[in-house]
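Each of the two chains sits in its own frame; use the hints to bring them together as a complex.
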Amino acid sequence: MTVELPAPGAARTPGPRRGPLAGIRVADFCWMGVGACATRVLADFGAEVIRIEDRKRLDMPRRLPIYKNGKARTYGEEDPNPDPNKGGLFNNYNRNKLGVTVDMRSPKGRALADRLIASSSVVTENFAPGVMERWGLSYERIRELSPQVIYARMSGYGHSGPHADYRSYGPVVQAVCGLSHIAGLPGMEPSGWGLSYMDNEAAFFNATALLMAIYRRNTTGTGTEIDVSAIEAGINLLGPVLLDVAVNKRSTRTPDFPAGNRLEYAEAAPHGVYPCSGCDRWIAIAVFDQREWQALVAVMERPEWARDARFTTQSARCANQDALDAQMAAWTREQDRYALMQRLQNAGVHAMVVQNGEDINEHDPQLASRGVFFELDHPVIGEARFEGMPVQFSRTVQQNWRSAPLLGEDNAYVFRTLLGVPDDEYAALVEEGVL
Amino acid sequence: VSAYPLSGLKVIELAEDPAGEFEGRLLAEMGADVVKIEPPEGAPSRRIAPFVKGEAGVETSLHFWYYNGNKRSVVLDLREKPAALDALLADADVLLCTLQPQALSQIGLDLHALCARHPRLIVLSITAFGLTGPWKDYASSDLIALAAGPLHMCGYDDHTIPPIRPGGNQGWHTATSFAHIAVMLALIERQQSGCGQLVDVGMHEANALNVELANPFWFYPKMNVQRQTCRHAQPASTQSALFKCADGRYVYYALILSDARAWQQLVGWMDRKGMAAQLSEPEFSDLAHRQAHFGDIQSVLECFFLVHDSHEMYHEGQAAGLPIGVLNAPEDLFDDEHLRARGFFVDVDHEDLGMVKYPGPIYRFSAFEGVPRRRAPKLGEHTSEYLP
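Protein sequence lines, in the order shown, are assigned to chains A and B.
First residue of the first sequence: 1, per this note's numbering; consecutive thereafter.
First residue of the second sequence: 1, per this note's numbering; consecutive thereafter.
Okay, chain B solo, but in the shape it has when bound (with noise of 0.2 Å):
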């Protein structure tokens, strides 16, 4: 019996931007063998920032090791020793791979023939736009990526001011997202069917269907949503859902007239703190004169929150039942006692530099225990294990 999910999967990676490198990572991590192919001069990830202490090198750059946790590394020149890589594929489940098709061409590789030559083999190819269209060539990043559809939904009130790609490779995990379902899917099948398949993931089309309300609101009632500060683009504008509190800090609360009962804890909540100034009296509770005042309202949260910090808005907002949500910065979230009392981050070794922090598992499984995690391998740290 297998101890975790994907134990005993072999996956080969030929993998040289985040979508697909953070797909080796999500499969290394439910227990895959996942060997990341790299050139002698090492993946271009290698070669990205942020560095430890600023300092590059192909083993300090935290971008690599953010997305290439718990895989082996060999290096191998497909240039030079393209028969290499199907005695690798000989014994393989699946064949990770970003590469667009021109780059495909220029190395001779050719994901059908490879597909009919390793009948149980699923080639989970994850490109820019996909490996046919007209736009399979084009030219790809994350913020191009998230052109396709999410960008326009992002920025200011002020439409002056362009749309404002949100942050953290989105555009790239966009896509590793939509080939993490597809590759089980394929691996599911092949528990029926015993054939592999060539899957082709477009990161182009995985963000333009990354869209939430703006295709149903395209699909029905033909209209355009309209950016908005920090909260959901509407058909129309609505009132500001981020507050600023008392310690400099923003917490995220959209209040919703027509929900008597939010009203209620609302109040009772602003009340208790000697702050709901007018809002307590009885022609409130009409929805109808909460509609006719609604910029008053939005007056008297904006003082109210504006005296208090933003913690204590949070944790009592909730408290009184209302969905609120302090803005945490990256590093606020190794504090926060809900995530430690879970015991989400985890402790990678890192020899040199000691125990780092990693966050930890996306999902959590009763009936067997998360997989250890171990660092981003260091170029060709295990070539001698896979080439003679």
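For reference, chain A alone in the conformation it holds in the complex (with noise of 0.2 Å):
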């Protein structure tokens, strides 16, 4: 992919844009990974994102104890006293992005926001329900403001019903939405997710309907208000299971459900996550027909036990699967994982190493080859890494021009530049901690 970066020693100073978004602007009040995650695509892709930033209230990536050269420290974990500066994921998150900060309870920073929404064709928001409302920005204030404007709001529940109050963040709307429960050993409490899976997806999702949107405006001239709920978005991806309880009325609430590594829906063993040689090193191997169940035969060195009865037809390897994955571990347990995953790929059967974030970065070379990662320095932080999208385009142009902004980095870009403040004024609102 054609992924532009700036030139050793840029100005940070924010210039023109490249990229189907460009020319496009964005008053930003989204904050979290949610918000965040969703606008980095608009900026990453031409758009002038601009983040509206609350001093006293700082955004928690912002907290978040993920420093360079930091100690162990959980996320939950937060500094008493951070840099604001400091937090790796706040950069991970908003580069490409422009930084301001307004105090929202003032009239004076009330009055500001709503110029920047007026010279915005795009305002995203991801508070709590009610939030912006207080600031009077609802959907019809924001449109007198900006004629053509499309409003994004995100939210755990959406913004209408009964329970469009109540908090959430990712791992709660996994759980409501039902993806926590469809994960795990049978038998056993749901081993559900080790990340805030739909974090990222009701990010990706709003990304989606804010380009959609664009795109429909493109050619209309209208604009619009967008709902989207991340409970909601996450039913859509329950998948097939959901019809099966639809149509079938079968329960998910059985002692045989939900099936761990194994396939219910299809006919597939082994199928399964191995041990490897090493510590807490594992490899996931799929075998779907008896051609590549030859194939792993003829990897394993054709054992005798895999002559036994049990295990010769693929229904005969279903319907005894932890006599099968017991043979299938001791094989493993002692190899390389890299090393036996090429073997079988090489035979044509479907495995792959279990990767963690060290592996991902040092030890994939598909990844290395696809240039999915880049560089860019940080005044405080110093040269960091950061996740491109996962996509070659043959035209289209990622523009990385910067790291993410210090806090109020482009007040006076924003406010004197493109606004038109005078000095004079824009003195006093600093001085009055406005900004």
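Derived from the structure by calculation, the hints contain no laboratory data.
Note that this is a predicted model, so its numbers are computed, not measured.
Each statement offered as a hint is correct.
With a cut-off of at most 25 Å between alpha-carbon atoms, the simulated BS3-like pairs for lysine-lysine come out as follows:
| hint | chain 1 | residue 1 | chain 2 | residue 2 |
| --- | --- | --- | --- | --- |
| 1 | B | K53 | A | K249 |
| 2 | B | K378 | B | K10 |
| 3 | A | K108 | A | K56 |
| 4 | A | K249 | B | K357 |
| 5 | B | K53 | B | K357 |
| 6 | A | K71 | B | K222 |
| 7 | B | K378 | B | K357 |
| 8 | B | K81 | B | K378 |
| 9 | B | K222 | A | K86 |
| 10 | A | K86 | A | K71 |
| 11 | A | K56 | A | K86 |
| 12 | A | K68 | A | K86 |
| 13 | A | K249 | B | K378 |
| 14 | B | K378 | B | K53 |
| 15 | A | K68 | B | K222 |
| 16 | B | K10 | B | K81 |
| 17 | B | K244 | B | K273 |
And the structure:
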């Protein structure tokens, strides 16, 4: 893909943007993971995304102790007095965006925000319902300020219904939408998710909704309000089990559900995650038909046990998966995981090392060859690595012009240069703590 | 003026897996005309369970129904008539194709040449590993895709148990999510330049980059996260957030000890139910004391949840201002009062079977109504409309 990077030592001053969204200004009230991850897509592809932050209520990713050369701290363990410019997660989510600080509790702050909205054609937010209204920023008001505006509202439950005020974040969304329940070993508590999958997925769906609204507005000239509920997005991700429930009235509260790493809806055996040599090293292996089984048996150098009648047909293997998995694990246990994956894949067997963060970044030649990571400098953090888009475009450019903004870094540029606030008024706003 | 965001858009779908089929469905649900090309025996997804009443058949796969709503089906054997595809593409905007490089060359399809012949066409390729790179011909599946990244974060506290696959085809769906963003970017670009392009989405890299904190924890402090039962994988272990309730169901609640307001809300709520035990004692308002007694707090919490029903804990906890979630099963969702009030589930007409409930819109736009939902097409249902 065409990924542009700033020249070494380039100034951090904003300049003209390239990409399909160049010329679109976004007044971005988003914070946390979902919102920031959604508007990152816009910023990567040319939109002028201006994040509006609150100095007195720092964005969580600015406070989380994910620091370069940092100690092992869990992400719930906040720094009591954090340097707001040191947080790695904030840098990761907010590259290519501008950053301003506005005190929305003050009438002068809200007046400035109105001016910013009036000069923008997209407004985004993911606060708890009611926050934007408290600032007077209903869709009707925002449309008065910017007639063709697209106003994207991202929340857990959506902006209507009896639970609209419920509090949520990724794990709560995953619980309520059913995704946590459908993962785990039979007879045990759900294993669910070890990440806020739905923060990311809701962010991607929100980005898509914004892009579809922009695409439509480009031909019709009309804007829209967008309401995305992460829970409703999550239900759309449950997959065919939802229709099994709706049509066949099957229950998923049975002792054999969920099926762990085995597939309920396809005959596949072995289909699991097996240990390799080293500490907590694993490989995923999936065999869907007899040809793949023969290939696996050949890689295993045709052991005696594979000729046992319990394992010679796909349905026999499916009926005897506990015994099969024990044999598989005994075989994989002493092997190097990447070498084993290569041998299996070369023979036509589905296999993949279970990769952790280190593996993704240091040991995966496919990711390296596709160039999915890039680096940008940051005044406080220094050089840092970023996740790009996992897509190669033959034309579209991802222009990476800057790492995440320092707190209030672009106040002068946005308010004086873009909005034309006179120097003395700007100085007074700074003095009064409005900015 | 177009009725829907993607009205007027014509998409030809050559998709054999959920990543591509889900993307086709998402485009169709926004108003695009999505024509699914199937071989005479039907797409492979027609043979995947679950089936209506468990009876296998090309028209009874619920897997196929789930991923192919609002599309048209055209039977075309590309091995026999490769030129027919070009004819269909002449007035198409997007070709959605999930064939890996070897499968493409087997039917003599060269995506770059196709782009050259149809300069306005956007070719959206969604494949297991992308069209390039040393692993481009590797075989994949949902489990294999998830192994690229998210899988290592999911499982149990007990690490003798392997990582456990999160359910519902999320490896495939992750590729879909990025593909949908990518095709919209390409369409917006085409509005300006008039030019199509080749958009190459790899499921492996989509999953490797969909790991939330695992990558930042490696980018910055160079740490790996360790999986924990139904809560965030972290560099060091944290307290359980899954609580069993009296009805045998679970709720998720992560207590953040340092949050003084959340602590007051929690203890106030437990106190109103007469179960705050020692937690209402004044020394617990001190963070250091709470930290020193985290184990005791967790035990009191476990007892509190264990003697109440999950829905009582969910709704009352939320009313107290706490982010508590009940672990719904898919079958619970149809009765959820919030989803009902929002009219989320939609009825789709399946003539023989009657109305079937499907998940409703992911996004709601004030500027237009939702696209009417149609069942997945029968095999070749629309062939005569497109082929002579």
